[in-house]
Amino acid sequence: MKQHLCAASLLLSALLSPALAVSGPSQEELNTADQATDSWLMYNKGYMGQRYSPLDQVNADNVSGLRRVCTFDTKDDGGFQATPQMYKGVLFFTQMYRTFAIDAATCKPLWVHKYKPAGTSVLTTNRGVAIADGVIYRGTPDAHLIALDAGTGKPLWDTKVADSSVGYFLSAAPVVYNGRVYIGEAGADWGIKAHMYAFDAKTGKKAWTFDLIPTGSQYGANTWQKADSTATGGGSTWTSYTIDAATGLLYVSVGNPAPDFAAQYRPGDNLFTNSVVALNAETGAYDHHYQQIRNDDKDYDTAAAPVLYDVNGQKRMAVATKAGWLFSYNETAKNQVFKQATIKVTNQEKPTTRAGLNICPNYSAGTQWSGPSFDQLNNTLVVPTVDWCGVVKLGEVRLIKGQLFFGGSMQLDPAGKAIGNAVAFDAATGQERWRYSTPGVRIVGGVTTTGGNLTLGGAMDGTFFALDSRSGKVLFKDNIDGALIGGGVSTYTVGGQQYFAVIAGNTSKGAVSGKNVTGRVAIYTLR
Amino acid sequence: MPRPAQSVALLISLAASAALAAPPAFTKAQADAGAKVYKAQCAACHGAALNNGGAPKLAGPEFLKKWAANSLDDFHFIMTSTMPQTKPGSLKPAEYLNLVAYVLQKNGFKPGAKPLTAGALKTGTFKK
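Going line by line, the protein sequences match chains V and U.
Going left to right, the first sequence walks through residues 0 to 526 as numbering that gives the first Met the number 0 numbers them.
Going left to right, the second sequence walks through residues 0 to 127 as numbering that gives the first Met the number 0 numbers them.
Because the hints were derived from the structure by calculation, they are not lab data.
Bear in mind that the values here come from a model prediction, so they are computed numbers and not experimental data.
Any given hint could be a false lead.
As the list claims (entries may be wrong) - 20 Å max Cα-Cα, derived DMTMM-like pairs, lysine to aspartate or glutamate:
# : chain 1 : residue 1 : chain 2 : residue 2
1 : V       : Lys-400   : U       : Glu-61
2 : V       : Lys-113   : V       : Asp-157
3 : U       : Lys-105   : U       : Glu-61
4 : U       : Lys-65    : V       : Asp-162
5 : U       : Lys-86    : V       : Asp-412
6 : V       : Lys-400   : U       : Asp-72
7 : U       : Lys-38    : U       : Glu-94
8 : U       : Lys-64    : V       : Asp-162
9 : V       : Lys-115   : U       : Glu-61
Next up, chain U with everything else stripped away, as it sits in the complex (with noise of 0.2 Å):
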């Protein structure tokens, strides 16, 4: 019957998006590690400043608001799949993951004790 259906759907929905509202957690040596994978990597076409290189800007508010609606596992997904440009795909797990937490101190989000893991990136966001 389809209206049950849909109902649980709905609070399936529900829940995750609660689940999505917890401020991602990484630690400062990962945003450290992925300031120098980003440097080499990344800079010259996003910029120093992650939105001053020309290619799409990976801080500041129209950053933010475009990826509201997705979860880090969904930027981590474009990332691995499509950067760096030339070669998609070939950094290390670790490598990315440090990139995420890059970013996400640089818009903003604080580092604590507990790191980033792969397996939190799918309740993560970059919400505030």
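Just chain V, same shape as in the assembly (with noise of 0.2 Å):
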């Protein structure tokens, strides 16, 4: 397929097309994003976080037929786990320090921005934007929030949120609502102490700050027994976030705590780490939250936004997480109505020894950066979870400024051993009704189902599949060239057309062996 590849020469800020005239998406197209089928707005689609299209043009009995029309390459390697977003027809994603814009249909190059840090980063992953009249807002691998004009990538603002020279970063795709953007640091694992924001979308003026970490009279701050320990807390938000419209409210997956395996060194519960924490999106005031595991010490991280759903009228959010569970809440009730093991799991109950613990899954398994996809029309929550076992092992605690925080190790198994996993759990009850696996290949990057039953994914190896959302059986395959996918798959129309766009190239160099290949967007449809 290398004939269609771009042939893009990535300027610095260059503007490779005319100039575009952006002015939305406008606050009611961001109310309708999840149900829209003209375009894909945020990270996981809409506000709700179901990754579910409506679109039915490609479906379980034609997607054999589906053809790659072209490949944009980036011509860089290292992470890409953004979801392809759509609006009027282009596509905006970003891969470390650059902002892309290309065509949603032709993968034309419209504009790419690169950031020039301004100061260190621990990690320069990034996972996408967030888009609203007319601007396209994203955080930075130095702790940066940035806007863009849309049309031509000119930068509109920049705010600096955290000192990335002690590990703060922002990988997270913010969201905005109400002319506001929310935003949170990642880095628990070098030591920070996270916190949740809100910025005006015009100025970047911060508007509120949500100590994810509580110390004082905070609620939740007696849940860390030792409160000098809350100055290296943790609680990272990593990936993007999750609203509900109708009641205001934001919801928040926080990460680990730290340092990541010497619990005895933060005694309590640690609150908000391993939690969906909801908060008022308009003043930041703490709502509720539901803690997935308290205290935790396997860097079992609640990393992947939630997703917000029906059940027969009765509201419900769910979120997988790293330890290889699916929780389900009553968002009524404010109760757990499911806790449903997505792969094996092993030992997460006992306490982490010198000596060494063997645990299932080590800690770059379970769910990571991609959360359930809510499947409509089959009432199924379909998450992407990784079988992969380890030794996780207490150390010493050593704080060195900007490096890991760990107060111990962890030793993964042969990656050969890791099994990748798409599964459909029945949303109502947890009851799993299906699995797609492929043993030796991890399935890391974002699912999305269909209105034509069509489950959407990429796995480790640069398989793009497409499988019965009734059944989970395989009804198409690609390879993007040997292309490791750790995105996410995007779907909406151009000119009446069903797309479907994958991001593939995501490398984690240390885990996968083998030739690295480039950052791709690959972009399919009916021929």
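Both chains are given apart, each in its own frame, so use the hints to dock them into the complex.
Right, here's the structure in full:
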């Protein structure tokens, strides 16, 4: 498929085509993004985070006729974990320091912006953008939040959010709601103390801060029995955020505490780590939370954003975790409805020891940055999840500025033993409906379901797949040049025709041997 | 009494700074052996030039600035407790020491007759 590669010369802040005039999406368009068919506005499509499109032009009966129409090569390896976000025929996505705009049907490059960092960065992963009123918003690896003109990529404002030299960075795709940009920090594993923020979308001025590691008189501060340990308490927001536009609540998945493995250093439940916390989006006030693991000592983040959905009129929130569990909560009664293992789970309740504890999964498995897709057609939650075990060991707790603050180590079983899965669970009960497994190949990227009874996703050997959402049966496969898929699949129409865009080329070099293939976006349609 | 104790602590800190200023000793044989381990275990992520693989840079001004305030023991601690990524701590103690020697050499430090030892890590730095 090499003939389809776009020969783009990716210049710094380069406008590669005549300037576009982008004025939307409006708040009304954002409010209806979950059900829209001509756009994919957010990392998880819409505020509810369902990753579901009602489109059925491509469906279980004809998906075998899918063909790749073009491929855009970013010419860069490294982390690539975004989902292509589409508005008015343009795809927007990020890879490390760069933000791209390309034609959503032809891969023609429109503009690229390369951010010049002001500070150091401990991790360059970035998961995408927010788009509203003609502006693109994204976090940066040196913990800035920037705004770009959606039509040209021209910078509009740049707000420093935190000090990246101590390990703060912004990897999440922000969300815009009612004139505010929502984003929080990542970096727990480097010993940060994370926060969730709202910024004014026009100016970049901070509107409110919520401390994800509470101290003093804040709610939850008593879950840190050693107050000093809150200074490095962790609690990342890694991926993106979910909003209930009906209630104005913002849902934030919060990662592990630090030091990762030395729980005795920070006795207590360690709120709001390993939790989903719901905040008033307008004020930043605490509303409620659910903690998935208390006093975690295995780096089992609640990392992927939650999904909101209805079960016979009952409002539910589901979240999948790195520990390999899918949780569903009743948002009216505020209680847990089910907790379902998505993979083999072993020794999670046992404390980490100096000698080493065999555990399943290891910290690179379970559900990582991509959460469930809620299939409205079949009432299932389809979860990407990886079976992969390891050994966790307690070690010395030593804080070195800007370095990993583990208090131990995690050894992973050989990568060949990892099993990737896309698993469908009954959204009401958590009962497993079907499982698609890929022994030896992880599935970590975003899974998408459609009104055409399709479940689409990618595997870490470059395979883009389409499954029958009723059975998990493989209906279509194509390998995207061996580029490891860690990003998501989006779908939308351009000129009335349904397309799929897939992000491939995520390189987790330490865990995957072999040739690095550069990042690419592959676009498919029926031909 | 807090004041005398603080003075003593300050003196110790100054003495440590003076000791830390000594250039780290290592041999060419250690750096050569470290280069082999690096190629096999580290180069895929950190790059052949130690600063061109996407993973944190291990050579150059940015690296030296980042580690200026720390001892070689801190660097060795991070390396042994987090690397190689899938099997942290799995290399032999001599291999980790040789890797430190190789990183020193690639950052412009000159090998000599005296080998780098585990005991010398606490007083050595990347400061030039």
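Verification of the supplied hints:
Pair hint Lys-400(V) plus Glu-61(U) holds up; C-alpha atoms about 14 Å apart against a cutoff of 20 Å. With a CA separation close to 13 Å, the supplied pair Lys-113(V) and Asp-157(V) stays within the 20 Å bound. Between Lys-105(U) and Glu-61(U) the CA atoms are separated by roughly 13 Å; this keeps the pair inside 20 Å, and the hint holds. Annotation: proposed proximity of Lys-65(U) to Asp-162(V) holds, straight-line Cα distance about 14 Å (limit 20 Å).
Restraint check: the Cα-Cα separation between Lys-86(U) and Asp-412(V) comes to about 8 Å, which is no more than 20 Å; the hinted pair holds. Only pairs whose Cα atoms come within 20 Å are accepted, and Lys-400(V) paired with Asp-72(U) is accepted, the gap being roughly 14 Å. Restraint check for Lys-38(U) and Glu-94(U): the C-alpha separation of about 12 Å stays at or below 20 Å, so the hint holds. Between Lys-64(U) and Asp-162(V), the direct Cα distance comes to roughly 16 Å. Compliance with the 20 Å bound is thereby established for this hinted pair.
About 15 Å separates the Cα atoms of Lys-115(V) and Glu-61(U), which keeps this hinted pair within 20 Å; it holds.
Taken one by one, the earlier hints all hold for this structure without exception.
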